[in-house]
Amino acid sequence: MADLALRQGIDELNAAYADCIDDDRLEEWPDFFVENCRYLITSRESHMAGLRHGIIYAASRGMLADRVMAMRRANIFEPHRYRHIVGPARIDRVEDGVAEARTNFLAVRIMHDGDSQLFATGRYLDRIAVGAEPYRFVERLVILDSQKVDTLLVIPL
Amino acid sequence: MADLALRQGIDELNAAYADCIDDDRLEEWPDFFVENCRYLITSRESHMAGLRHGIIYAASRGMLADRVMAMRRANIFEPHRYRHIVGPARIDRVEDGVAEARTNFLAVRIMHDGDSQLFATGRYLDRIAVGAEPYRFVERLVILDSQKVDTLLVIPL
Amino acid sequence: MADLALRQGIDELNAAYADCIDDDRLEEWPDFFVENCRYLITSRESHMAGLRHGIIYAASRGMLADRVMAMRRANIFEPHRYRHIVGPARIDRVEDGVAEARTNFLAVRIMHDGDSQLFATGRYLDRIAVGAEPYRFVERLVILDSQKVDTLLVIPL
Chain D
1233 MADLALRQGI
1243 DELNAAYADC
1253 IDDDRLEEWP
1263 DFFVENCRYL
1273 ITSRESHMAG
1283 LRHGIIYAAS
1293 RGMLADRVMA
1303 MRRANIFEPH
1313 RYRHIVGPAR
1323 IDRVEDGVAE
1333 ARTNFLAVRI
1343 MHDGDSQLFA
1353 TGRYLDRIAV
1363 GAEPYRFVER
1373 LVILDSQKVD
1383 TLLVIPL
Chain X
1233 MADLALRQGI
1243 DELNAAYADC
1253 IDDDRLEEWP
1263 DFFVENCRYL
1273 ITSRESHMAG
1283 LRHGIIYAAS
1293 RGMLADRVMA
1303 MRRANIFEPH
1313 RYRHIVGPAR
1323 IDRVEDGVAE
1333 ARTNFLAVRI
1343 MHDGDSQLFA
1353 TGRYLDRIAV
1363 GAEPYRFVER
1373 LVILDSQKVD
1383 TLLVIPL
Chain P
1233 MADLALRQGI
1243 DELNAAYADC
1253 IDDDRLEEWP
1263 DFFVENCRYL
1273 ITSRESHMAG
1283 LRHGIIYAAS
1293 RGMLADRVMA
1303 MRRANIFEPH
1313 RYRHIVGPAR
1323 IDRVEDGVAE
1333 ARTNFLAVRI
1343 MHDGDSQLFA
1353 TGRYLDRIAV
1363 GAEPYRFVER
1373 LVILDSQKVD
1383 TLLVIPL
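Residue numbers (my numbering), protein chains in the order written: chain D, 1233 to 1389; chain X, 1233 to 1389; chain P, 1233 to 1389.
Quick caveat, the hints were computed from the structure, so don't treat them as lab data.
Heads up, a few of these hints could be off.
Since copy identity is lost for identical chains, a pair holds within one copy or between any two.
Computed list of lysine to any residue pairs in SDA-like fashion (alpha-carbon distance at most 20 Å, straight line) [stated by the list, open to error]:
hint, residue 1, residue 2
1, 1380, 1369
2, 1380, 1313
3, 1380, 1356
4, 1380, 1367
5, 1380, 1276
6, 1380, 1304
7, 1380, 1345
8, 1380, 1287
9, 1380, 1291
10, 1380, 1334
11, 1380, 1284
12, 1380, 1312
13, 1380, 1236
14, 1380, 1278
15, 1380, 1350
16, 1380, 1310
17, 1380, 1241
One chain only, chain D, in its complex shape (with noise of 0.2 Å):
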């Protein structure tokens, strides 16, 4: 019973992240991790290899804020969203409050003028603290499919 409301928590935070991403509600987006939380996009290839910096890093909250923030003063890419379509969550195990995931997703990237193409696919690995609501990622690790996406990266994903 626990566990059904576990997974079924972890599905809702999934589909919440996504959403205020996908919503251009970025500046909402550090409050989906715990203050001390690690955030990484890389590569499948760079993750095997052990590398812990990737395409993009951040070490806590206050670096996820700054990171958006940066992002909004910039704006000097084309104008952009994306689509997240993630799949049912996997749980590994649950350890002190922390709960072990993995998710598949692929995100659809939106152009300004209406161009839509396949951006990326991957899945995330997490470490969701799960003690007391709402979740909130202690560690998400973005491993990317491809290599060729990173260029292109400005959003989270």
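Got chain D; can you put chains X and P on it based on the hints?
Showing chains X and P alone in chain D's frame:
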């Protein structure tokens, strides 16, 4: 607990709805709506501008049925199908037996010769009657990410 | 309640199955099936015509294992991977410990150089042994939306 059943019921409704369309059982499609429903396909821009009409619009179950009949009779378009992939639903609130939910979707269009392409992405903004089973849509707004879709749109999304 | 656990169990099975293939742990793939299983990849047209064989066919867990071994040995195809995105499962009925379910899926193919494209869409028509854990497939029919996929198909879907 009620919450768990509710969220699962909405995920099931979304799965059944997609299944009905993708399976070309469009005559059953109006039955996913209450009698006095509202169904609207529109673009993100139009929706944000507060426009109440869109690419496809129906204000009752009867109008939905009419649309399907017209589509079957006309039959002038190049045969094609969709495959919907929907993410987990996000429930915003439940009041007076009506749940407000939103769900990301992606539709691939498969032409008669087998050519497949990403056709549309967006989200469903739903008001769902959940006081009795089966759940039915009081309102389903299909908010498309791109305005480029419209001329190609024949089958409902 | 049993219903909630059942549906969640099936979503989890689908997530684990996709994960196994996308993660290239194909040696574990046959373990998702019961000993006397049926696995079939076919096109919508062939399925509707009632043809019982398809692009890939196996009538036992041993045949699935053979297929993986052959694939590993031959190794003549251009290296690639999939990323599966599956929607919520739809359960049609449960009888004698076997659930009938169907689930939409989409698979993106990622080539070795990072090129990614929409590879296949379709739905799983499943019969799942749910009397004991872990749930296992008695039958998994992979019904492809397009007949154009087959010559490229090496890795199971």
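_One pair to classify: residue 1380 and residue 1287, alpha carbons no more than 20 Å apart. Within, between, both, or neither?_
Classified as within; 11 Å inside a copy, 31 Å across copies.
*Homo-oligomer pair classification [residue 1345, residue 1380; C-alpha up to 20 Å]*: Only across copies: residue 1380 and residue 1345 sit 8 Å apart there, 23 Å inside one copy, limit 20 Å.
*Within, between, both or neither: residue 1380, residue 1236 at alpha-carbon 20 Å*: neither (37 Å within a copy, 40 Å between copies)
*asked:* Within, between, both or neither: how does the pair residue 1380, residue 1291 come out at a Cα-Cα threshold of 20 Å?
replied: Neither: 24 Å inside a chain and 39 Å across chains, both beyond 20 Å.
*Is the C-alpha distance from residue 1380 to residue 1241 at most 20 Å within one copy, between copies, in both cases, or in neither?*
Neither: 33 Å inside a copy, 35 Å across copies.
*How do residue 1380 and residue 1310 come out at 20 Å by Cα distance, when the copy is not named: within, between, both, or neither?*
both (18 Å within a copy, 18 Å between copies)
*Check residue 1380 against residue 1313 for me: Cα-Cα at most 20 Å, and say if that holds within a copy, between copies, both or neither.*
both (18 Å within a copy, 15 Å between copies)
*Since the copies are identical, ignore which copy is meant and state whether residue 1380 and residue 1369 lie within 20 Å (CA to CA) inside a copy, between copies, both or neither.*
neither (26 Å within a copy, 36 Å between copies)
*From the Cα coordinates, with 20 Å as the cut-off, is the pair residue 1380 and residue 1312 best called within, between, both, or neither?*
both (18 Å within a copy, 15 Å between copies)
*asked:* One pair to classify: residue 1380 and residue 1356, alpha carbons no more than 20 Å apart. Within, between, both, or neither?
replied: within (18 Å within a copy, 30 Å between copies)
*asked:* My question is about residue 1380 and residue 1284: at a cut-off of 20 Å on alpha-carbon distance, are they close within one copy, between copies, both, or neither?
replied: Only inside one copy: residue 1380 and residue 1284 sit 19 Å apart there, 40 Å across copies, limit 20 Å.
*When no copy is named, should residue 1380 and residue 1278 be tagged within, between, both, or neither for a Cα gap of at most 20 Å?*
within (13 Å within a copy, 34 Å between copies)
When each numbered hint is compared with the structure, violations occur for hints 1, 4, 6, 9, 10, 13, 17.
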